[in-house]
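From first to last, the protein sequence lines stand for chains Y and L.
For the first sequence, our numbering assigns the number 1 to the initial residue and increments by one for each residue that follows.
For the second sequence, our numbering assigns the number 1001 to the initial residue and increments by one for each residue that follows.
Since the hints were derived computationally from the structure, they do not count as laboratory data.
Everything hinted at is true.
Incomplete in silico selection of chain Y near chain L, CB under 7 Å:
| no. | residue |
| --- | --- |
| 1 | I76 |
| 2 | A103 |
| 3 | V105 |
| 4 | A109 |
| 5 | R122 |
| 6 | A126 |
Where chain Y lies over chain L, by a calculated footprint (3+ residues, C-beta under 8 Å):
| no. | region |
| --- | --- |
| 7 | 1129-1141 |
| 8 | 1291-1302 |
As the structure is a computational prediction, the values presented were derived from the model and not from experiment.
Where a beta carbon is used, it is the ideal one built from N, C-alpha and C, also for glycine.
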Amino acid sequence: MTTAARTTEVAPAVAGATSAHSERLAIASQGLTKRFGRQVAVNGIDLAVPRGSVYGFLGPNGSGKTTTIRLLLSLIRPTSGTHALLGRSMPQAASAVLPRVGALVEGPAFHPYLSGRDNLCRLDAADRTADPATARRRVEAALDRVGLLAAARKRYRAYSLGMRQRLALAATQLMPRELLVLDEPTNGLDPQGTREVRSLITNLAEDGTTVLLSTHLLSEVEQVCTHVGVMHVGHLVAQAPLAELRARTVARAVVTTRCPDEAAEVLRQQHLTEIATGKDQAAGVIGQVAPEQIVEALVHAGVPVRAFTTATPDLEDMFVSLTGRGFDVSG
Amino acid sequence: MSAAEKAALRESGTPGETSAAASASGPRSQRLPNPRFLRSELWLIFGRRRNWAGLAVLASVPLIIAIAVKINNPGSAGGEFNVFSSITDNGLFVALAALTVEIQLFLPIAVASISSDAIAGEANLGTLRYLLAVPVLRSRMLAVKFTAIVIFTFVAILLVAGVGMLIGLALFGGGSMVSLSGTSLSFGTGVWRILLICGYLAIELSALSAIGLFVSSLTEQPIGAAIAVIIIMIMSFILDQIPPLDWLHPYLFTHHWYGFTEFLRDPVSFGGPVRDGVLNAAAYIAVCYSAAWARFSGRDVTN
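Chain Y extracted, bound-state conformation (with noise of 0.2 Å):
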C-alpha cells in the first residue's frame, strides 16, 4: 500500500519530463523493461537519478539490480522503454555519453595473464577519446587511488578478490567521470577497503560526480548515499531523497512495565496510535506528542516504568515494509 503510494509520487515528475528536467537528471528512464523468455527481470521502470546525487540502488540478489544497469550501459537492449544518460538519448549517444560514465558491472573482469597495470592500459586503449600521451600517467593515478601501485605489475590472477575489485575501481577513474555506475564495489573487501572506497566515493561525489551505487548493503546506503531507489522482483517500488524517507517513517515509544495494559491505557489518552500490548511492553506510534510528556503522564498515572525507548526504524525496517518479504533472494 505504501509501495504503490511512494512509486506514483515519482511517476508523474519523470513522465512529464521536459528537456530542462532530463538536463538535471543524470539517468533518467521510462518504462525500461527486460524480459528473458518468459521471465521479466526488470519491469517497467521510471529511474530518476539526479545529478550530483549519490543514489542507493537497492534490492536482494535477483531483483534486477544488474539488468538494469546493464540496461543503462547499452549491454543488453531493453524490451521495451527507453533512458537517457547525462540527458541524451541511449543507446544512440553511446558513444558520446559513455566516455563521461565509469562503470564497475557484476564483479571485476580482467585478462588473468596480463597485469593489472597492463590491464588498465588496454581499456585505455580501447578509449578513443583518451590521449595516448598522459596514458601512462593516468593509469598511474588510477591505481594510486585506488591504492594498487605496489601490486600493479602483478598478473591479474595472482590478485585477491578485493584487489581485483580496487582495479575495478580504478578502471572506472582513468578518466574524469560525470557519472559512476558502481555494482557491489565492496563486495569482497576487507573492512579497510571498504572504508576506503566509502571515502573514495564522497570524495568524487564532492567533486560533483554522480554515483549510481548498487548494493545490498544497506549501511553503506546510510553512510554515503544522498538518494535511494529499491528494486523488488524487477520493480522499482520506491525512490527519493533518503532524507525524505526517513522523515516518513514514525517513531515508536516502547514502555516497558510490569503493567502493560495500564500502560497502553496512558499511552492512549496520550493520543498515541497503533498502540501495541506484549507480556511487560506497551507501545505506540508517537505522531506529534513530545516523548517527556508521554513519560510524565505514565509516572503521573502510577505506571512502574522500567524502561522507556523511543526508536525511528531503521533503513532495514523501511526496506522490509518495502519489500515485504525482506531481505530473501528475489526468485
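Position chain L against the provided structure of chain Y, taking the given hints into account.
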C-alpha cells in the same frame, strides 16, 4: 587522498583533449584511425605464453624436416617431383615441405584457436562487457579483432617459411630451383615464389579466420568454438574427398588450399586455380564477417 593527488588526476587530460571528450558532437580524435586498440589486441595474442608455445610448435616442423633429411638423405626418387627429395638440392625446399605438411592441420588449428577466442574468449572472461562500456563500438571491435587474427595468420605462415628457409640454407645451401614446369628458377625468384605462396596460404586461412570469428560471436565458450571451427574444416576436407559431390568441391574453402603449387610453375599463372582460390576465400570472408557482425551487433551481453 590529498588535494594535490586529486588535482593531478584532474589535470591528467590535456585541456584540448578534455574539452574534446566533453563536447557533445564527439571527440575529434574519433575520426582519426587509432592504432592503440589494434596494438593492444596484438599484444594480447603475441604476449600470451600459450600462443608462444603454439608458434614454437609450428616453427619446430621445418627444423625436424631439415634435420631428418640431413641425417637420412632420401635420395632422388627417379625423376618424379618430390619436395622432400629436392631439399638436398636447394634448402628453400625445406620451407615448402614444412608449409605442405603444416597446412594440413597445424596451421589451421592455430588459426582456429586464435580466431575462435576473439569474441568468445572476451565474453568468457567478462572483459567483453567492460570493453563495450568503455565504449568500443561493436563494429570497430569486430574489425580490430579480425585484423589482429589476419596479422597472426600471416605471422604464423611467415614464421614457418622463414625458419624453413634459414635452416634449409644453413644445412643444404641455396642455388637455383627447379620449377614444376622443369625450368630453372634463380635463387631470388625462388625466395619470391615462397613469399607468394605464404601470401596465398594466408589469404586462404583468413577465410578460416572469418569462420572462426563468426562461430566465436555465437558462444561464450572459446574451447567449444575452436572445436566447432575444426569440425567445420574437417567436414570440408571430407566433402572434398567424396567424388559424387564434385559439383560442390569448388565452393569448399579447403578445396583451394593446395592451389599454392601453381606458384612453382614457370611462368606463374595467376588465373585459374590461384584466382579461384582467392575469390573463394574472399567470398567466405565477406559472408562470415557479415554474419559475425549481424550476430554480434545485436547480441545481449549478459555475462
